[in-house]
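Q: In order, the protein sequences belong to chains X and F.
What the first sequence shows, in our numbering, is residues 1 to 489, in sequence order.
What the second sequence shows, in our numbering, is residues 1 to 357, in sequence order.
It is possible that part of the hints are untrue.
Derived, one-sided and incomplete: chain X residues facing chain F with beta-carbon distance under 7 Å [unchecked claim]:
| hint | residue |
| --- | --- |
| 1 | A132 |
| 2 | V134 |
| 3 | L137 |
| 4 | V139 |
| 5 | P328 |
| 6 | T333 |
| 7 | E334 |
| 8 | G335 |
| 9 | L336 |
| 10 | I337 |
| 11 | A339 |
| 12 | L348 |
| 13 | G349 |
| 14 | R358 |
| 15 | G360 |
Rough simulated footprint, nothing fancy, chain X against chain F, three-plus residues with beta-carbon under 8 Å [to be verified]:
| hint | region |
| --- | --- |
| 16 | 217-227 |
| 17 | 265-272 |
These aren't lab readings, by the way, just hints derived from the structure by calculation.
The beta-carbon is built from N, C-alpha and C at its ideal position, and this holds for glycine as well.
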Amino acid sequence: MTPTLELSGIQMRFGSVHALRGADFTLHTGEIHALLGENGAGKTTLMQVASGLLRPDRGQLRVGGRAWPRLSPRAARRLGIGMVHQHFTSVPAFNVAENVALAAGWPVAPGRLRRRVRELGERVGLPLDPDARVEQLSVGLRQRLEMVKALAAEARILLLDEPTAVLAPAEVEDLLRVIRRFTATGGSAVLITHKLDEAMAAADRVTVLRRGEVVLTGPVAAQSAGTLAAAMIGEAAAPADQNPPATISAPPAGDRSVLIRVESLDVGRDGGIGIALRGASLVVRSGEMVGIAAVEGNGQRELLRAVAGRIHPLRGVREVARPVGFIPEDRSTEGLIPAMSITENVVLGSPGSDPWIRGGAIDWRAARARAVTLLEEYAVTAPGPEALAATLSGGNQQRVVVARELSRRPPVVVAENPTRGLDIRATAAIHARLRRAAAEGAAVLFHSSDLDEVLALATRVVVASRGLLVEAPPGATREAIGALMLAGS
Amino acid sequence: MSGRLQGWIVGAGALAAGLAALALGLQLAGYDAAAALGALWSGAFGSWYAITSATLVRAVPLVVIGLGLALAFRAGAFNIGAEGQFYAGAIAATWLGLHAGSLPAPLAVAVVLSGALLAGALWVAVPVLLRVRYGVLEVISTLLLNFVAEATTSLVVQGPLQESQGIYPQSDAIAASARLPMLPGTRLHGGILLALAGAVLLRHLFARTLWGFQLRAVGLGPRAAAISGRIDSRWMAAAALAVSGAIAGLAGGIEVAGVSYALFQNLSPGYGFTAIAVALLGRLHPLGVLLAGLLFGALEAGAGAMQREAGVPAVAVYLVEAVVILVVLLAESVRRGGMTALAAIGSATGVARGARN
């Protein structure tokens, strides 16, 4: 049988980041195909290639057996490929019916449109009030609207990018039922998810991506949660590090001073509604490197940002030594200002106590000298301190952020995915810097969505799952930690 | 620096394109293009009197307002309401100027100008609060308040501030002591010194001070400014908006104390809108704003002469202004590879002008 969608040898680079390294993916008519992988594994990129949003650097795409070397989003839609994005794509100020009309190209005749949208929702089992304004819908209903929009456009292939991430269990059930009905009537669906039980329950086949490569593909029936988790997280040691410990070493002596102490901390979801972190308690001492192992959206981001003083907790105790060196996740929008020079970006992170700031005035000569020193010390490849940050590669941008944050020798260092998208050399350099900070007495708290990195760096691992923190016992294996991470789902 | 050189080339090219478009348009419409352009030149730069009393007098409000707008735009606050803030400043300056006769000259001038500054700040306070508290886009709120300010001006010159005979819709002349000193033999007033000082001050602010640096950071990377720079982006932008409003108000005060000595409707030939173009054309650099203000002042001065001497409607110079803005924005978006905030302001300016005319 000819597959309805076939991607072969897909390669995709974004600057220095290799998002896909020759990935193959096949979707058959009538199947639900789960696409698994950690953050940054390339799942979304692969589906964006399939829906014509991204054109791959290399590789072939076939729809219904026919090759489409230059698939546009419009052509993809005509071929019946509909993508439900992880980030909602509805117009908040429009009502439900108007958004459906916009997506499906239906005429906007209020009475008829309203009836049509209502009928569609009821027919597919996802009822919606056509007159409700989207900005007033709950997150679950917005997700439902995204699904209805794809169905209204008469998609025959649905690419669903983490549709269940924001849904309550009952809503998940509804959605999975709709997807099953859709495939039972000849449609095909790709379901991107982090949740193994969902994949096991809903899918016919499964593909696991890891670092842009397919590491497993086949019928779900042949897999168990354990084999899938192992494929996602990886069994091989990280190549980035010379001697990653297979297990966690025992925590250092307990008489070191406590630099981070949080107790019963509740934190609201960053940029959203609801509580992301509940009753978190954590102590980090001088010289420790505590790694937070977690799947995206389990409260680790809120924990780190609350400790770094970037967001305010709802309640609880937070005692953190100052200043905090903070390495945010997104270097190009949060760590640096790309349109500013390296010197300016060094000044940006200044707490105001630096010698080049005197009475509200900036001594640029001194700041530039400082930037030059940092460029040398942290081996940043850059034309000079006046080069715009935007002109640096990802690895060098991250080196600038790390240099700026660590050069002041802060007692506390907080890092979010400090090496995401970096090559082996840059990764090793940044690991070395973080280790040195700890060796010099800082308390380091970090998260990485790559469990290997957590294991390689951490002296102690804490798992965040569904907003709760669980300390991994000393000596816990990779598998045990993986199980804890996925325990909540 | 090559970037600066590039800016000069783009600016000169834009001006040449604008003038060429004007010449072509005039020729097609059956005017004598050479005579019209000649009149434009002589009206703007033809004599000492033309330079000081026509060009520079018109350039002063454009530069002063443009400097304030450059500050706001740098911080990512899109103040489209300078016209209204200008009128608010002019109303306050007139009222104070009418009652300041008993004060000695320097003090009276200081009172009038401070009042104008304050009035501009108060006029923009509503958009500032709306933005900070409810996230209302200041592009809309400042734009709409322009109409309110113009209507208010019309109201007060027919009511509380109407001249003593109660016939004309304008105010009495302000006290002599409240007027700005003049350059003898010309109509050029002390406001030019304020404009120059403002440019120097703003340059210092951007280049040397922490506050100016933070302001730029908020405009260029609001998230990074908040997260890595620990700058309160929201308040920073609000403060920039407030300062730009105060400065536009000051320009209104300068106009009353230096040029008109009285308040009337249409006191401003759209200075508040033209100044947006001046700020953009000057690429939000203080010295660029100074040059762009001079250019637009010259165009407006020459337009009058062109109408008088060649019979060409003065509004024809808007063609030059429009082409200059378009070329600069186009060059900017080519350089950055896409639409920019500047282009967005440019479009907003177009909307503002369209709404006005």
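Q: Does each hint hold? Answer for all of them.
A: Verification of the hints:
1. A132: violated (22 Å)
2. V134: violated (18 Å)
3. L137: violated (20 Å)
4. V139: violated (20 Å)
5. P328: Interface hint status for X:P328: holds (5 Å vs cutoff 7 Å).
6. T333: This hint holds: X:T333 lies near chain F, its Cβ roughly 5 Å from the closest one there, short of 7 Å.
7. E334: Given a least distance of 4 Å, the restraint on X:E334 holds.
8. G335: Interface hint status for X:G335: holds (6 Å vs cutoff 7 Å).
9. L336: holds (6 Å)
10. I337: holds (3 Å)
11. A339: For X:A339, the interface hint holds, since the closest Cβ of chain F sits about 5 Å away, which is under 7 Å.
12. L348: holds (4 Å)
13. G349: Given a least distance of 5 Å, the restraint on X:G349 holds.
14. R358: violated (9 Å)
15. G360: Hint on X:G360: holds, closest Cβ of chain F at ~5 Å, below 7 Å.
16. 217-227: holds (count 7)
17. 265-272: With 0 residues close enough to chain X, the hint is violated.
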